[in-house]
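**Q** Here's the letter readout for the chains.
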Amino acid sequence: MIAGIALAIVQVVIVGAGAPLLVGALRTLKARLVGRRGPSPWQPYADFRKLLAKEAVVSTTTSWVFRATPYILVATLLVTALVVPVVTVRPPLTFAGNIILLVYLFMLGTFFLALAGLDAGSAFGGMGSSREVAVAALAEPTVIVAVFALALRADTIDLGRIVERFGGEPWLAANPAHLLAFAAFFIVMLAETGRLPVDNPATHLELTMIHEAMVLEYSGRHLALVEWASAMKLFLFMTLLANLFVPWGLTEPSGPVAVLRGLLALTGKLALLTIAVAVLETAVAKLRLFRVPELLAGSFALAFLSLMAVFLVR
Amino acid sequence: MQPATLTLDSLRHAATRAGAADVASSSPSGIRCRLPAWEIPTLADRLAPLGARCQFLAAADTRATGGDFTLAYVFAPPQLAPSVTVLVAVPAGTARFASLATRSFAASRFEREIHDLFGLVPQGHPDRRRLALHQYWPEGYHPLRRDAVPRTDFVDTGEPFPFRRVEGEGIFEITVGPVHAGIIEPGHFRFSVEGETIVNLETRLGFVHKGTEKLFEGLAFDRAPALAERISGDTSVGHVLAYCQALETLAGCTVPARAARLRVVLLELERIYNHVGDVGMIVNDTGFAFGHAHCFRIREELLRLNERLTGHRLLRGAVVPGGVTGPITTARLAEAATRAETLVAEFAGIARLCLDNTTVLERLQGTGRLTEQTATEMQVVGLVGRASGIDADLRRDAPFAAYAETGVNVSVYGTGDVWARTMVRLDEAREAARLVREAARLDAPGAARAQIPPLTPGAHALGLVEAWRGPVWHWVVAGGPSTLGRVKVVDPSFRNWPALEYAVLKNIVPDFPLCNKSFNLSYSGNDL
Chain V
126 MIAGIALAIV QVVIVGAGAP LLVGALRTLK ARLVGRRGPS PWQPYADFRK
176 LLAKEAVVST TTSWVFRATP YILVATLLVT ALVVPVVTVR PPLTFAGNII
226 LLVYLFMLGT FFLALAGLDA GSAFGGMGSS REVAVAALAE PTVIVAVFAL
276 ALRADTIDLG RIVERFGGEP WLAANPAHLL AFAAFFIVML AETGRLPVDN
326 PATHLELTMI HEAMVLEYSG RHLALVEWAS AMKLFLFMTL LANLFVPWGL
376 TEPSGPVAVL RGLLALTGKL ALLTIAVAVL ETAVAKLRLF RVPELLAGSF
426 ALAFLSLMAV FLVR
Chain H
8 MQPATLTLDS LRHAATRAGA ADVASSSPSG IRCRLPAWEI PTLADRLAPL
58 GARCQFLAAA DTRATGGDFT LAYVFAPPQL APSVTVLVAV PAGTARFASL
108 ATRSFAASRF EREIHDLFGL VPQGHPDRRR LALHQYWPEG YHPLRRDAVP
158 RTDFVDTGEP FPFRRVEGEG IFEITVGPVH AGIIEPGHFR FSVEGETIVN
208 LETRLGFVHK GTEKLFEGLA FDRAPALAER ISGDTSVGHV LAYCQALETL
258 AGCTVPARAA RLRVVLLELE RIYNHVGDVG MIVNDTGFAF GHAHCFRIRE
308 ELLRLNERLT GHRLLRGAVV PGGVTGPITT ARLAEAATRA ETLVAEFAGI
358 ARLCLDNTTV LERLQGTGRL TEQTATEMQV VGLVGRASGI DADLRRDAPF
408 AAYAETGVNV SVYGTGDVWA RTMVRLDEAR EAARLVREAA RLDAPGAARA
458 QIPPLTPGAH ALGLVEAWRG PVWHWVVAGG PSTLGRVKVV DPSFRNWPAL
508 EYAVLKNIVP DFPLCNKSFN LSYSGNDL
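Residue numbers (our numbering), protein chains in the order written: chain V, 126 to 439; chain H, 8 to 535.
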């Protein structure tokens with residue numbers, strides 16, 4: 126019991142404290158890749174400190190949704206941090222079917238963020254929300270189908286057990302279905318977390334934004350929470366990608382050594398993924414908005430093929 | 008190049024037939040004349056079949072000397088040569104003149120500006136909404152009249168500008184600016200969209216109206232260059248050169264050959280650093296940060312080269328009435344030309360890398376298409392025009408400074424999309440590097456500055472320069488022997504802003520910044 130609570134705390138701390146570093150490292154890496162020195166990877170922490178010290182300006186036309194959304198976002202992501210196998214194969218909230226809970230936790234945050242974007246009544250918020258919902262509606266099925274492709278092959282719909290199964294029988298992962306699902310999930314990760322080529326997190330152009338347009342009205346501690354939440358979302362998506370598809374290094378939470386080994390493995394995997402994302406973001410331009418559905422349809426097709434392949438290549 | 012029928016003789020003939028008086032030659036490629044106010048539409052109709060349209064219109068308050076207001080029209084083909092300058096007297100009593108708005112789009116905008124600033128009414132103008140001044144300016148207050156008393160009792164009543172309204176199911180409005188998320192100049196854009204598709208865009212500018220033309224009034228002519236350089240910061244050389252050329256023509260001063268060549272160097276250096284920066288910004292708006300980072304690194308090197316040559320990163324203080332002054336006169340031009348060539352070659356490599364990336368190319372091609380027909384009807388000028396198939400460049404068509412010696416290869420594209428505007432910039436940057444090299448090669452020791460003789464009050468002249476955006480016009484009227492009476496400034500931005508509203512139609516909202524960046528028009532140069 127105590128060990129379970131301790132693990133829950135450790136996992137939440139890793140996600141909560143590690144997420145800003147991941148975002149910072151991604152920015153630094155991207156700057157280096159284009160030949161700039163760029164900010165330090167620790168910059169997001171300084172930004173949060175700055176934002177927390179600032180006043181939060183709230184438009185008088187907004188309702189409780191606008192104020193509550195930053196807290197709902199952070200809360201859903203902290204709960205998600207308990208569902209995802211981060212450093213061990215037994216996430217603190219482990220039960221059959223937690224895949225579905227995971228998808229809906231992400232959706233709940235998106236839902237409230239879209240509402241908050243509409244709440245202030247500005248054209249940008251509405252634009253951002255409509256785009257975000259369109260992207261989410263196209264991306265969400267892919268997440269489910271890709272993860273179910275894995276679940277079918279692992280014969281369980283418990284995230285932890287999927288990781289355990291593939292960790293124990295690595296040859297299961299050397300399979301085209303696995304690769305297809307990985308590709309599909311990778312694309313969806315870029316879309317869901319507002320990365321290039323779907324959304325440009327570095328832009329100042331309000332007319333081109335998706336995620337940033339929704340949060341334009343936020344300031345001070347609200348903005349800090351929203352930014353923290355989106356950093357955690359990126360962290361969790363990358364962790365899912367890393368641990369579901371490359372499950373090595375994760376074991377039963379038998380003690381601090383196992384947790385530490387899991388953490389080291391995770392750090393290594395995330396570092397590789399971060400480099401991959403940074404290189405990809407440097408190599409491509411942002412897609413024209415109307416091309417995004419084509420990309421996401423492609424990723425869905427990959428996920429669907431992966432699911433079919435489970436039956437064919439059995 | 009020009010319609011075969013359009014020559015100085017045919018212009019002279021048309022003017023005489025329309026009833027012009029005092030027809031005289033004003034420059035190698037231009038004539039000037041006087042015409043009664045009501046004959047202007049007749050002349051416009053005679054010139055239209057020849058391919059010459061109204062390209063410039065300025066008013067001056069000459070009531071103190073002649074009892075009337077004076078309007079100066081310039082009719083010319085898009086190449087701006089040959090041209091006819093027509094002076095028209097508008098009686099102070101009626102303060103009305105015949106509008107050319109339905110014949111020339113450029114004229115319609117000039118007339119609205121004159122209506123605001125001088126209170127002269129263009130009769131028959133279909134759109135008399137305010138252009139230069141905002142709604143809160145008091146009714147009947149026209150700041151460019153010489154007897155206008157500066158007022159401070161401005162009260163913003165919140166009266167909205169009468170925007171066109173688009174109505175229909177699913178149409179909604181997005182208002183952007185004048186305060187933007189990035190550090191750019193202020194302008195208000197009102198989009199009517201259907202989903203993400205733009206069905207109408209209306210631009211409202213004038214937020215940085217600084218009274219520039221009023222500031223020129225009564226200014227000593229040798230102090231005006233500093234003001235001209237600040238009309239639009241990125242076109243410092245273009246504006247000051249246009250001003251100086253107008254003044255030199257007016258005073259009958261011949262610029263030494265050395266100064267003319269140095270002016271080519273300065274104008275082309277300005278073109279290079281702006282084009283390099285623009286391509287970086289265009290690529291950045293597609294989300295391709297690599298091109299942006301490197302273009303701006305190269306732009307910085309270019310600005311440092313500018314500073315070494317002139318003591319100012321934006322090349323200010325070098326062009327003066329009568330010639331050129333400052334460190335550039337003793338600089339080693341061959342070295343500078345080599346440096347510029349190296350940097351432009353590096354820029355061309357970066358640009359090639361960006362344009363070889365299919366994801367970037369996909370965003371540029373077909374986006375923000377301004378067809379040749381629309382561009383011609385809207386009398387679009389400069390590089391935007393050249394990207395839409397309008398083959399006009401003053402450096403070749405009416406050479407000034409030393410361009411007759413260097414020759415200029417003009418780059419024209421027909422597709423009119425963001426890609427074409429990027430390509431024109433790329434080609435022009437390369438050609439500019441060649442021109443810097445050529446001017447440096449021609450440079451020979453000698454005087455770089457001539458004296459300006461005293462001015463004849465009331466004398467007037469035009470200065471025309473192909474700056475990096477397009478033709479910059481300065482119409483200078485002398486006030487006293489050493490002071491200015493009236494200076495009318497036209498930045499190419501003033502001519503091209505409305506075309507943006509057409510280029511973005513049927514594009515999607517997220518592509519607007521890309522279209523806007525590919526035009527990259529000046530707010531300050533437009534708002535004056």
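Hints may contain errors.
Said to hold, decoys possible - One side only, chain H facing chain V, incomplete, derived with CB under 8 Å:
#1 A71
#2 T72
#3 D75
#4 F519
What the hints assert, rightly or not - A few chain H positions that, by computed beta-carbon distances, are all more than 12 Å from chain V:
#5 R70
#6 D163
#7 E180
#8 I181
#9 R370
#10 E412
#11 T422
To be verified - Chain H residues, not near chain V, derived (Cβ > 12 Å throughout):
#12 G100
#13 F297
#14 K524
It should be emphasised that the hints constitute simulated quantities derived from the structure, not laboratory data. Remember, it's a predicted structure, so these values are computed and weren't measured experimentally. Positions of the beta carbon are idealized from the N, C-alpha and C atoms, including for glycine.
**Q** State the violated hints by number, sorted upward, taking the hints as numbered earlier in the document.
**A** 1, 2, 3, 7, 8, 9, 13, 14
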